[in-house]
Amino acid sequence: MYGNDFGQPGATDSRAGAPPHPLNAAETPDYTDALAEYFDGLIEQDQRVEPRDAMPEAYRTTLIRQMAQHAHSEIIGMQPEANWITRAPSLRRKAILMAKVQDEAGHGLYLYSAAETLGVDRSELLDKLHSGRQKYSSIFNYPTLTWADAGAIGWLVDGAAIMNQVPLCRCSYGPYARAMIRVCKEESFHQRQGFEILWVLARGTKEQKAMAQDAANRWWWPALQMFGPPDTGEHASTGHTAQSMAWGIKRFSNDDLRQKFVDMTVPQAQKLGITLPDPDLAWNEERGHWDFGAIDWDEFWRVLKGDGPCNEQRIRTRVEAHDEGAWVREAADAYAAKQAARHEQGAVA
Amino acid sequence: MTEQHHVDYLLGLGDDALIYAQRLGEWLTHAPQIEEDMALGNVALDLVGQARALLTHAGEVEGADPVRDEDDLAMLRHEREFRNVQLVEQPRGDFAHEMARLLWFSTYQRELYTAVLTSTDETLAGVAAKAVKEVDYHRDHATQWVLRLGDGTQESHDRMQAALVAVHPYVAELGEDHDAARWAAEHRVGVLPSSLTDAVNAYVVGVLEQATLAMPDAPRWHARGGRAGVHSEVMGYLLAEMQHLHRSHPGASW
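Chains G and R, in that order, are what the protein sequence lines are. Just so we're aligned: the first sequence equals residues 1251 to 1599 in our numbering. Just so we're aligned: the second sequence equals residues 2 to 255 in our numbering.
Please keep in mind that the hints were generated in silico from the structure rather than gathered at the bench. Possibly wrong hints are sitting among the right ones.
Selected chain G positions facing chain R (in silico; Cβ < 8 Å) [as the list claims (entries may be wrong)]:
no.: 1; residue: Ile1325
no.: 2; residue: Met1348
no.: 3; residue: Ala1355
no.: 4; residue: Leu1359
no.: 5; residue: Val1450
no.: 6; residue: Gly1454
no.: 7; residue: Gly1575
no.: 8; residue: Trp1577
no.: 9; residue: Val1578
no.: 10; residue: Ala1581
no.: 11; residue: Ala1584
One side of the interface only, derived from the structure: several residues of chain G facing chain R at Cβ under 10 Å [as the list claims (entries may be wrong)]:
no.: 12; residue: Glu1331
no.: 13; residue: Ile1335
no.: 14; residue: Gly1356
no.: 15; residue: Thr1396
no.: 16; residue: Trp1533
no.: 17; residue: Glu1535
no.: 18; residue: Gln1589
no.: 19; residue: His1593
Positions of the beta carbon are idealized from the N, C-alpha and C atoms, including for glycine.
With these hints in hand, go ahead and build the complete structure from the sequences.
This is the structure:
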């Protein structure tokens, strides 16, 4: 997730889920053959679909689900990093981390706004997050235990997210694609700052080096899981990949993106002097790619289904903030209504 | 000795910004809405920026051998060496408390930075020139929220009024004169805090009136001593959290 569309098969919200014959969902009352032809033409010519365009209902619900999951990931992803704001080891690091967490909040807002162009409301999407009916990236169910984790999240987690998100800049849905352009620029900066945190640690004291290595050990495998289940084999999940690719929402398969990420990251780890925790990691001359070991998909599913170290904590924190802020949002609405009434009265007078 | 007053004056300004940023940073992921996570994060970020510039400059003016940089001053001083007012170190309350604190503090900072735009300390004047624009936004943000909460629902009105009462004992210290400020005013480096009080009060009174809120009665006690390094008991915990990682790795770079 975090730019990938993924959920437990069959466990998505009621309006979502790829239909067995995807375009059947296009048979909505206002989705005529002529409109279908126009939509299919847009997709075929790799043009952008805009909010005003008629679109198959399943396309709309798929996008809403994916953009909502992406937005949820941005705002839940603030938590593990915000965990280090008050303890950042220098004022420069504190400032950078605050700016980064603030960026993630901004990404959440762009994405909720982009989703709203499809006729949903942010509050509705937040309700689904809070009640567990929509997911966020499972990577954020792991804890940030040391300062080096702030670096590992930037380097590995944001690095993996970028790998998912760059192709989304060409996503067939215009508002999502445009939001992704800005998000990717900021994420790219985030990845650099994460790398730089680890770079400094890896050249620091013995304890700092150990801290950097430990963080890489804990974040490497969950980062590889971020691309979702494999495309083939016993752990493959039917998911939504094929339909999303046909619609130009997704451009590369999970395994292709994962391989690109591994190929990009291994040389960076070597440069850092960090050993990635995979004895099977080896350059394959024939394939022109890095081979890597088996991913623990049982862990992936376990954490996705709720049995991860921070699942409950992340949602509890989110729900508490939302509930404790209810009176503030109500006050803002009441004040806005009073102001509007005053303006109206003033206009009448 | 006069140089020490100069250092202390700068530390007072820098520590106010630093310690308040530390408290505001606690809001991220806990705000009433995502826009407010961003806004409070932004205010905190501005304050960290001010703190870095002011502490760096304080270290340079101090001229110790070796010169103490921003992190030496932020991470390695002890509680009794911090010169911030007690208002900024108080624990995070509800959103109304934060807006009450931000209204008073940003209004004070705006008057302060405006007054030191013409400081004979050119670095301080430069910091103020940038900061005055930032705190103008902070004050506006607090003002808008105090209006919404004061004139919103009955609950928000009551909570905002209670917050004003709770914050009130910490307000007077912002306007309290002290030796470093007297030296700064005399040398036209800074101003007497008491010279800012009327303008600060006038602004806040105006906001409260519009927000249908009442200025609380004079409190029975008020905080004093922050500029001399006398803090409330919460300060030690705040520093423990802020400094522990840095202190755990003596001499390390980050």
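Here's how the hints hold up against the structure:
Taken as an interface hint, isoleucine 1325 (chain G) checks out: its beta carbon lies about 6 Å from the nearest beta carbon of chain R, inside 8 Å. For methionine 1348 (chain G), the suggested interface contact is upheld, since its CB lies about 5 Å from the closest CB of chain R, less than 8 Å. Interface restraint check for alanine 1355 (chain G): the shortest CB-CB distance to chain R comes to about 5 Å, inside 8 Å, so the restraint holds. The beta carbon of leucine 1359 (chain G) is positioned within 8 Å of a beta carbon in chain R (closest approach about 6 Å), and the interface hint is therefore held.
Taking 8 Å as the C-beta contact cut-off toward chain R, the hint placing valine 1450 (chain G) at the interface holds, the least distance being around 6 Å. Given the 8 Å rule on beta carbons, the hint for glycine 1454 (chain G) holds: about 6 Å separates it from the nearest Cβ of chain R. Annotation: interface hint on glycine 1575 (chain G) holds; nearest CB of chain R at approximately 3 Å, less than 8 Å. Hint on tryptophan 1577 (chain G) holds. Least Cβ distance to chain R is approximately 5 Å, under the 8 Å limit.
About 4 Å separates the beta-carbon of valine 1578 (chain G) from the nearest beta-carbon of chain R, less than 8 Å, and the hint is met. At about 3 Å, the closest approach between the beta carbon of alanine 1581 (chain G) and any beta carbon in chain R falls short of 8 Å, and the interface hint on this residue holds. Annotation: interface hint on alanine 1584 (chain G) holds; nearest CB of chain R at approximately 5 Å, less than 8 Å. With a cut of 10 Å, the hint placing glutamate 1331 (chain G) at the interface with chain R holds, because the nearest CB-to-CB distance is about 9 Å.
A cut of 10 Å between beta carbons decides the hint on isoleucine 1335 (chain G): the least distance to chain R is about 4 Å, and the hint holds. Here the hint on glycine 1356 (chain G) is kept, as its CB sits about 6 Å from the closest CB of chain R, short of 10 Å. Because the smallest distance between the Cβ of threonine 1396 (chain G) and any Cβ of chain R comes to about 9 Å, under 10 Å, the interface hint for this residue holds. Violation of the interface hint for tryptophan 1533 (chain G) is found here, the shortest Cβ-Cβ separation to chain R being roughly 33 Å, above the 10 Å cut-off.
Restraint check, glutamate 1535 (chain G) versus chain R: the minimum CB separation of about 39 Å is more than 10 Å; hint violated. Among the interface hints, the one on glutamine 1589 (chain G) holds; its C-beta lies about 9 Å from the nearest C-beta in chain R, closer than the 10 Å criterion. Contact between histidine 1593 (chain G) and chain R, as hinted, is not supported at the beta carbon level, the nearest pair being about 14 Å apart and thus beyond 10 Å.
In the structure shown, a violation is registered for the earlier hints numbered 16, 17, 19, in ascending order.
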